[in-house]
Structures are given as structure tokens and as C-alpha cells.
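Novice: Chains as they are written, first to last, in this note's numbering: chain U, 6 to 354; chain C, 6 to 354; chain H, 6 to 354; chain F, 6 to 354.
Take these hints with a grain of salt, some might be off.
For identical chains, the list gives no copy identity; a pair is met inside one copy or between any two copies.
Computed list of lysine-lysine pairs in DSSO-like fashion (alpha-carbon distance at most 30 Å, straight line) [as the list claims (entries may be wrong)]: (1) K317 - K117; (2) K70 - K116; (3) K319 - K225; (4) K65 - K276; (5) K232 - K264; (6) K319 - K117; (7) K232 - K317; (8) K46 - K264.
By construction, these hints were calculated from the structure, which means they are not laboratory data.
Remember, it's a predicted structure, so these values are computed and weren't measured experimentally.
4 protein chains.
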Amino acid sequence: MVNVGILGATGMVGQRFIQLLDNHPDFEITALAASSRSAGKRYEDATTWYLDNEMPESVKDIIVKETDADAMDNDVDIVFSSLPTEFAAKVEKDFARDYVVASNASAHRMKKNIPLVIPEVNPEYLDMIDAQQKENNWDGFIVTNPNCSTIALTLSLKPIVDNFNVDAIRVSTMQAVSGAGYNGVPSMAIVDNLVPYIGNEEEKMESETLHLLGNYDGEKVSDADFKLSASCHRVPVIDGHTEAVFVELDDDFDINDVKDKMANFKALPQKLNLFSAPKNPVIVKEEIDRPQPRMDRNAGNGMSVSVGRLRKDKVFDNSFKYVLVGHNTIRGAAGASVLNAELINDKIL
Amino acid sequence: MVNVGILGATGMVGQRFIQLLDNHPDFEITALAASSRSAGKRYEDATTWYLDNEMPESVKDIIVKETDADAMDNDVDIVFSSLPTEFAAKVEKDFARDYVVASNASAHRMKKNIPLVIPEVNPEYLDMIDAQQKENNWDGFIVTNPNCSTIALTLSLKPIVDNFNVDAIRVSTMQAVSGAGYNGVPSMAIVDNLVPYIGNEEEKMESETLHLLGNYDGEKVSDADFKLSASCHRVPVIDGHTEAVFVELDDDFDINDVKDKMANFKALPQKLNLFSAPKNPVIVKEEIDRPQPRMDRNAGNGMSVSVGRLRKDKVFDNSFKYVLVGHNTIRGAAGASVLNAELINDKIL
Amino acid sequence: MVNVGILGATGMVGQRFIQLLDNHPDFEITALAASSRSAGKRYEDATTWYLDNEMPESVKDIIVKETDADAMDNDVDIVFSSLPTEFAAKVEKDFARDYVVASNASAHRMKKNIPLVIPEVNPEYLDMIDAQQKENNWDGFIVTNPNCSTIALTLSLKPIVDNFNVDAIRVSTMQAVSGAGYNGVPSMAIVDNLVPYIGNEEEKMESETLHLLGNYDGEKVSDADFKLSASCHRVPVIDGHTEAVFVELDDDFDINDVKDKMANFKALPQKLNLFSAPKNPVIVKEEIDRPQPRMDRNAGNGMSVSVGRLRKDKVFDNSFKYVLVGHNTIRGAAGASVLNAELINDKIL
Amino acid sequence: MVNVGILGATGMVGQRFIQLLDNHPDFEITALAASSRSAGKRYEDATTWYLDNEMPESVKDIIVKETDADAMDNDVDIVFSSLPTEFAAKVEKDFARDYVVASNASAHRMKKNIPLVIPEVNPEYLDMIDAQQKENNWDGFIVTNPNCSTIALTLSLKPIVDNFNVDAIRVSTMQAVSGAGYNGVPSMAIVDNLVPYIGNEEEKMESETLHLLGNYDGEKVSDADFKLSASCHRVPVIDGHTEAVFVELDDDFDINDVKDKMANFKALPQKLNLFSAPKNPVIVKEEIDRPQPRMDRNAGNGMSVSVGRLRKDKVFDNSFKYVLVGHNTIRGAAGASVLNAELINDKIL
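Kindly produce the complete structure, drawing on both the sequences and the hints.
Specialist: What follows is the structure in C-alpha cells.
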């Protein structure tokens, strides 16, 4: 068993880490870190548990640590980070001196030699790790996963990009409130309402997606060469981001071919049979009114992206439209980091 | 005063008609028609009132009639119709023999010589009426207004189309549940959820918008020559459709110029000072997170469309993005028919 | 394995039956019946699946039957019924000629010799079955479970009634929309709203609770001798009924004693280790703001009732107040029937 | 015109004050105070406007002041306070040296010689003001209004208490999220959920109601002599508190008599024809499923309480049950203070 720690363990994504790592075959939670307000307390006493299943017994008695690399247990190998961006920018590098840092924070995404990875999409970016360690003289390293709305979109695009010449993408999102953290969206802002703005979200989607679907030549990443524009909106849904996608290809195509490529998409995590890898990264729904977030967010234990309404665009040439749903705090956050760690554990550690 | 009747008077749009016509300076409700289940009863007894203001006293004692042209009072001049499509297809023509039919139903939209009109956009299509009357040998006529999501979009596009060369539009909607009628969307379908499909809605938006922004040469309508593709979704909002719009122009432009043209847009209803005409058909919001349906749907007494997040698209050349909110049962339904009737009353009757 | 059939298999409670019986150690679904519209189709083709986990593979290919006792397979032993009341009144007796009918319908509740049972509360009412069979000359019989809001309340009251002298109870409910069936509550009625009325619900709670907590002398049931008054309301929650309970005892008491009796309550299903029996029928929450429906409805796989805010009433003598949450379509419907069947299978079949 | 100021002018209740005082016939807003973060800015620049109608033009250019009695304009006569409790405890007394303070804060409620008043219920408590001024040597004074859930309940109880001998009341509330302030309830806490706890709310209801319905003998208040116990819960509704009330009288009664007394209840504000006084303080709804918060909160411009489901309790002797809805930020907060000020302006100033 690999011992793992969680930074930001009392927060919403921290709790998802605990949920996903409970009964994990390869990882055992041995350290939990949070703010100084929580440090020194039993995890159960420090935490208001937000999830709708029970807090696992195994973590209740763990004494919460300060978020400080020097305070981390030596026998921990991997730390999962769900720290706020600014704090992550400060402390994740300290942890990387000695530990593998699998981070959901945006602080170090797309920095030179720091892999931003979705295991089904660009596992080869992990090759950056050597350079990262040398450059910084670290024994550990940092690996990051993308923004929640980016992951779901990119997973669904991978089989398209692999099989067709994509020219242009527009995406309009309807995102769940959990993506903003427990206190992120006041109920006054969202009951009988929606908020058509999420800070920095469009920028992240537009840049991270091209980076993930680009090419790493052993030194640097060249972005994918299509264009992607996003409009991001918050809706009254607890979990599960929905995205309406408009795709323009260079050439004509058969919509059933697109459907087949999505439905049959398998990649390295499926081949390696990684514990958290869903059987189908992309599930194609045939019902006219699916996917829907409450019904489809838990597909593949929250690790699959459900795609539906895949239809030829009758207006624009060489174009099609679809709708996707992905679980934003599982596949889009904690589950993404865990799958990265499973891949690293299989291939590198 | 012009005497008016309402067909479908007990339904949701019917109730909006009553609300908007209460205390109207030119129109007086003298007849209410509904299904045979309601016919013969006092309106108050026949109706479960859905709106959050009180049923006007003036209609409570009106005895509901059958929806039958022969039963309509002779002294009525205009009948407003919010009949279901199939029933409207049958009976609106009967009413048109003797009455002006201002219809919110889709049954006769875009049929030859039947004007589909937004008074701020294409009032000249009313010129079709002569041909319509001659062709059918009617004393009355039918005028229709577009689908709710189309009206809001088209109003916001009019000042753009008038001032720039539009090439392509994609729109992704987040529509209120009232658009489906009182029993249209079960709560099981929408609490902590959204439904990414609305029957025929995309087709209506894609065709009606081009028709409205086209050109009527005295004989037929030529569609506007840009392309428009829609993806339509239902969200947990009572009233107020929100739409994310991606616009591509032929040429470069100044985003402030777009903003000015929208903010300063005035048209015939404003010049004629029609009673239901909003001072500003399009209101431009500067706040980063507006428009929002609960906050902005009632702007201009529900007759203005609020536009925000107007921003240059950094990814696509000659492109910009914005978000709009329009009240779907006021500007998008009953208010649209009433404004059509006011224009007709001013120009034709 | 006991072969079981489900009546009303395509509806919401029918789907919960399928979910709960999938992988059941003692029961195997071999027959599914629904309306004539569905009969003859594969279950997967006949059904719009409403639950947020996948339809079990095992039922997809079962051909749906008409709801007709003569059409039922002979090798079925138990039929679970989630039929609408009026239809249940007609057909459940036909099935009872040959089959054990475990019914969630209200049609035959509290009828002479038809046991209304919660296994933790009044398993001895099953003794009525002999008389029922003799009276009707049936080989099978009918057993019923109470209304959803009644079950949760009665489970929480059982340890109180067993240990204290209850004098009077008032209960005010906040009930989930799923209790009304998929199309029962329009979204227009419940978004930014609540509905303070549920047809017949107060009457059912007031009568069934006293019946369940009463005494069966081998011939008839004497109601419990306290008084209970209910006020029932629908709120925008998908699953999970919440109830605020005001209890008056005859004598003074220690609130911790009440808490202990609830927390330590175990009954026959726990002793028999029935498959669907929760470890704790009543879970006492200590957090100041729990139980909450989204967080607590799934406790004990949806079969436990969570109780919180257990506090002495400072105003009324010998009184206390608490709040409970129970899953209305699991413990309050399908799970209730399944647990009844498990008890019957263990004790009678 | 009386010049008035608003303390806490940028908050939710502060905005309601502005909305209600816009176009007021007797009061003119001339001063707005808020936190130091807002002080010195134009009101429009300092404020995120939360209400669904527009910010009145008349306040946009007012420069926000510090909340400091020394900084208040001398020509102001009345200051309305919606300050947070702790801050109100500190500064309202400073303002009372020179100004009439009509406070919605709980800081000074039920203190000796500080009237807690609902104009329809206990206007005679204003007689305390003399003693208050003498005791403190103030030129101004403080008058307070009750908690939002208390006001709605007490208004509905007044005609009952005046005409029947009330023995005991239990009330279970379903309260809107606006009652907790804009950021008070996270959306994660309330979508598909409810929270069965509101800090100090039950205590306020239980004490304030008896105080308001008590008797002031010129020196002190004797509480009403019935008993009242409350259970308070937060539900996903924007505005409008709903309360289920169980009433026990000493004697038998005719339910239609109760209904008549409520429906015909008029009091001093109606007699004086105060501007904000609703024609009917209590509106009795006959529909089986009313009152509902979204439909009924705006009755009487948000100043009436709607009552429905008035029914005899078939279980408890001499008892009845009903449901009420009142607008929590109008009648329950800003409107309550404004009506108090109108009464003071009419009778005292």
C-alpha cells in the first residue's frame, strides 16, 4: 500500500478525495492536512461533512496536521492537493521537494515541465517529470489535472480529435454550484435564477483544452491547432456540469461514425485497468433528452462523461452538436487527481 | 376602447393576457373563451390563477365561452389566441373571417401572407394582410408573433443586423419552465437537474429568426442571409429565458460600437409610443454577472431584453459573445401579441 | 431463491423495487407487470428510467406483462404492488388468490384481517393472515405497508411509545416531490415555492400511526391511545420526507433517556438479520442542523430514519420536539414492502 | 416631507427600505449610511442591487455615509436601521440621542421602555417612549419591530386572541432564504434540501409573540398568558415565510367564526389610513392548497399575511389548524419598520 496525504482535507474536494480513497486497493490515507483552525483536532471533530454518504470510519480519528511540508509524515508518498490557488502556489512546491503532489489546484497548471494530465488524453506529458525534478532539484514532483469543466469537455473531444480534423469549437456550459465550493454560491443567487458568469472559467477552458489535446515533443507542448471559445454559466444543480458543444470539422463526416468513436473510446487507463478508470470514459446516450446532471453524473462511479443529443448541424457545413454531463467534483476534481496518481503509481513509482 | 377577446383564457399565457390588458388604455376585455370544461362558468370559478399578482376584478364575473368563432360577441374586434398549436390550426381561421386574430400559437407562423411580426423588427410584414384577406375572403386576419426564445434573440440581434454584416450565430439557451405550460415540466425533471432538450425549439429559433430579420418584397419573405444554429435547454427557473450567443461578423468591429447600437436601439413602437412598448427594447447591463433571469426578466415591465457580458471573442476573428435574458411569457408570448395588436390598432384599424 | 413479480413495474416505486431487488440474496425478479401500453415490450423499451443509478441488466430483457392475475407466472411466489389506489382495489385481491401480495398501495390498508405492518413495529399483525385466507378462501394473501410519511414517523415513535407514556403528538411535514409520482408535482408549483396541502395525507398519518402502534388481540386492532394531529406540506426536495414532531408525555422525563432509547432501538428485523433491515432503524444525529433530506435520506441504504434536534420543550410540560428525515420511496414505499416480504419469507413461507 | 436616513443601506433589508420609501408621500430619503467600505461612494457605486425591480433613480447619487450618529445630517428626523445585531447594540443608542430610530435589529427588542410594536397589534406600547426619553435623556428614541417569522404569526393571531381564549399554540415554520441575508444560506445547503435549524429563531418567536400580545400597564409588559412552542426550518424559497399553526382554545368554537374574525380584522393603521397599511392585514384564502409563498407573499404589497387551510382539528378538542404566508423582508422587516414610523409620524411627531 502507498501511504497518501490530503491537503485541504476538510473542504469539499478534500472530502471527495477521502470518499474515493476509502477502500482503495493501492492507496491508504495516513495524513490529513488543513488550515491551522483545524490542525490538532480529530478529523471528525474538525470537519462538517458535506457528502451524502457517511464519513468513512478510517479517517475519523486521524489528527489533522498543518499544511506544511515539514510537518508531513515521512512515510507518505503521495499528497493530493485541493488547496485554494494562491495558497497552492506557495506550498505545493515545498511538498514537491519530497513528495509526489497530485494537485487539483490551478496554481501550477501549464507551467513549464509541470504535466497537466488526463490519463485517457495525454499520459505522455508525464515525461516532463524528469526535467521538472532536475530543474528544481526535487525528489518529488507536481502533476496537475485540469479545471472541472475542461476535463469533461476534453474527454469527450479526445476520440473526435483522434479521428477527425477539428476546426472550431464553441461551448456553452451550465455548471453545478459545488464547483464554487461550499460557500461559493449563495442560495439568493441561484434559486429561480442562474448566474451567467464564472470567474476565469472561460479562459481556463479555452487554454487548457488546447494544451491537453496538443503535442509534447519532449521539451515543450504545442497546442492543438483548432479554435475553442467558451461561455460559462452557473445553474441550480448540486453536482454535474452540463455543456452544449458546437463542433466544426474540416470535412464532411458521418454522425454515426462520431458516435461510434465516442462510444468505443478506450485509452491507457482502461488498458492498465487502473482502479478508478471507468470502463467507458465516454458514454453515448440515445434518449432524446439525455444526458441530465442528476441522472447521469454518477455514471462510471462519477468518472465517465455522458454524451447525448449527438446530431448533425443542419445549418453549418461539416458541423455537429452535442450535450455532455460530467461529475465536476469526481471526474472533474478529486477523481482526476486520483486517476493521475494511479497512473503514476503504475508507470513511475 | 377596442373590445377584445382571449382564446385559451384560463391557461398560463391566457392569464398573462389578462394581466397585461387590465387597465389598458385602448383595449377592454369583453370576452373570454376556453375549453368546454370551463365554458358557462364565471372566469373566477373556471380558473386556477397562477400568477403572483391577483386576478383583476374586471374579469372575475365574465362568463367563459366555448372557443368557437360563431359564439364570439359581435362587438369584439381583436381576439388574442394562446391556443395549443393543433387546436389553433383548426379554429384561428374561423375567427379570422370576422376578427383580427393576434396569435401566440405557432400554427400559422411563417405561412404565406400571414405576418410573423415583432413590432421593433419587421412591422412592414403587416403589409401582407391585404393579400391574406383577399386570398381567404376574410373580413379579419391573422397576425402571429414568434416563439418565446426567438423573440428575445431577434430583438437583441436587430440593432446588430442593422449595423454590421452578420455571418454566423450559435446560440445556447437556458429556458424557464413556464415556457412549457403549467404542467409541462414535472418537478422530478428539474429539481437539482436540467433537461437538455425542448421539442421543436431549435428548429423554430433557426427558422423564425432568419424569417423575421429577412426582407418582405410585397410578395414573399427572403430570409436573412446569415446562418444560425441553436441548442436549447430547460433549467430550474420559473420565468425568463437566458441565451448565450456567439456572433461572427464578416469584418472587424469595435465592441463599444456594438454596445452603443444595442443600448440606443429604438424602433417604430417607441416612436409611436405604443402603450406596451418598452422605452428601451434592449438594455445593456455593465455588471460582470448580469443579466440574470430573476433579476432582469421584469425590465421594461417584462418587455425589454437585457443583454450583458458583451465581449470580444479572443479566439475567433471578427466575433463577439453575449448573454441575454427576456421574459418568456410577457415579451415572449402575451406581451408580444398585445404589442402586435397595439401596432395594428394604431396603423390599420 | 423465491421468484417475485412487480406490479406497476415501470413507475417510480416500481423502479425502486427493481433497484432494491437487484442482487437480493433471496428474491429473484422473474415477472414485471404494467399497463397495457407497456405490456408485450421489453422492460427496457417500455420504461423511462428515473433513478440516478443504471437500470439493472437483469431486468432489461424481461417482457412486461399485463397486470392480470391470470397472466402471472405460476412459479412466482410474491408479487410486489405499487399500483395506483383505485386499480389496486380492483386487482390485488385477484392476485391474493394465488400469490403473496406485498402492497405499497393504500387500497387495502387497515381493512379487517389485512395486516398493515412495519416489521420493526408490529410484526405480530401478520397473525391476521390465517383469518384473511380463510375468510376469502385464498391460497395467497395481502400484506400492506403504511403511507411514506407515516412509516418514518412511526419508526421514530416506536421506541418512545415502548418506553414512555405518550399523550399527544403534533407533526408538521415537509415532503419530497417524488412522493407524488413522477408527474405529480409540476415544476411551476414548486420552484421558489411550496404547497401546503397533500390530498388525504393528514388523514392517513393520523389513522395509520395509531393503528400501527396499537394492539392486535387475535381478532381486531385497538388503536394506540394517544392523539396525533398532522399538517402536511410539499417542498422542493427530490427524495426524503422531513417531519417536525411535537410530543407530549404524561410524565416528566430525561431527554437523554429518550435519545438513548431511540439510538439503541433494535427490533425483530435486526434480530433476524433480514437483508434489507438497517442496522439502526433510528439514527440520532447530534449536529445542530441535522437531519437534512439530501444528506440523510440514504442512511442505512435508505432504510433508517434519521432523527435530530431532540430537545426538551421549554414551554410545555413533559414535552419534547424533534425533526426526522426518512427516504420516502425506499423506507417509505418499495423498501417497506420488501422488508415485509423478507419477514414473511423468514417466518411464514 | 420628513427627511429619513437608512442605516445598513446597502444590505438586503436596506434595499427593501429604499424600495418601500421610494415615492413615499411623507418620507424622503436624504441620508444613507453603510460600512466604511461603502462610505464616500455614490450609493449606486457602493451597492450590488439584489431586488428584481430597478434601483430608484432618487438614491443613486446619494453619497453613502459612515454609520455614525455624529455624521448624520441634522435635518433628518427618522433613521431606519437594518444593522447587524451586535453593531446595532452599539450604535442605535447614539442615534437615539437625536433621532427617531425605527429599528429592524433585534438588539433592543423587549428591553425596558423600548417599544416592540406591530401597529395593528399593540400600538399602545408606543407610550413607553416618554419614559425611554426621560430615562436616557434623549431627544430621540428607539422603536423596534419583531423578528420576521414572529410578525406574520402575531398578525394572524391578533384577531384570534381578541375573540377567543387561546390556550396553546405550536408552530412549525418553512422560512425563505432571504431571511438569512444575501450570503446567509449557501446554495449547497438548500438545493434539493432543507435545513431544520435557524439560530435563535425559535426563542425569538416564543418570547416576542407573547410580549406583543401581552398588556402594557404604563410601566411594564405582562406577557400573554397562553403557551407557544416553535420549530423553525429553512426551505428553498427566496421570499415568503410559511408557517403551519396548531391552536388550542379553552372552549369549543365555530371555525367559520374564526375565519370571519381573521378576514374582517382591521386595526389602527387601517383606520388612520397609513400609507403602508394593507387594506386587510389578514387575507383568508379558500383554495385548498393556498397560501403558497411565491403566489401570496406579495399580497397587500407584501404587507398582508395570507392564511389558509383553516380547519377544525378532528383529533384535539377545541383546536384548529391553519397555514400562513407572510413576506419576510417586507412585512417581516423593512415594511414593519416603515409602518411603525408612519404610525409615529401620525401620532407623535
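Novice: Take the hints in turn and mark each one as holding or not.
Specialist: For each hint, the structure was consulted:
Taking CA atoms no more than 30 Å apart as the test, K317 paired with K117 passes between copies only; the shortest distance there is 29 Å, against 39 Å inside one copy. Taking the shortest Cα distances, K70 and K116 sit within 30 Å of each other inside one copy (28 Å), while across copies they are farther apart (46 Å). With identical chains, the CA atoms of K319 and K225 are at most 30 Å apart between copies only, with a shortest distance of 23 Å across copies and 39 Å within one. When the C-alpha separation of K65 and K276 is checked against a cutoff of 30 Å, the pair qualifies only between copies, where the shortest distance is 28 Å, while the shortest distance within a copy is 35 Å.
For the identical chains of this complex, K232 and K264 are neighbours both inside a copy (22 Å) and across copies (25 Å), given an alpha-carbon limit of 30 Å. With identical chains, the CA atoms of K319 and K117 are at most 30 Å apart between copies only, with a shortest distance of 23 Å across copies and 42 Å within one. Both within a single protomer and between protomers do K232 and K317 lie at most 30 Å apart by alpha-carbon distance, with minima of 19 Å and 15 Å respectively. In the homo-oligomer, the alpha carbons of K46 and K264 lie at most 30 Å apart only across protomers (26 Å), although the nearest pairing inside one protomer, at 51 Å, exceeds that limit.
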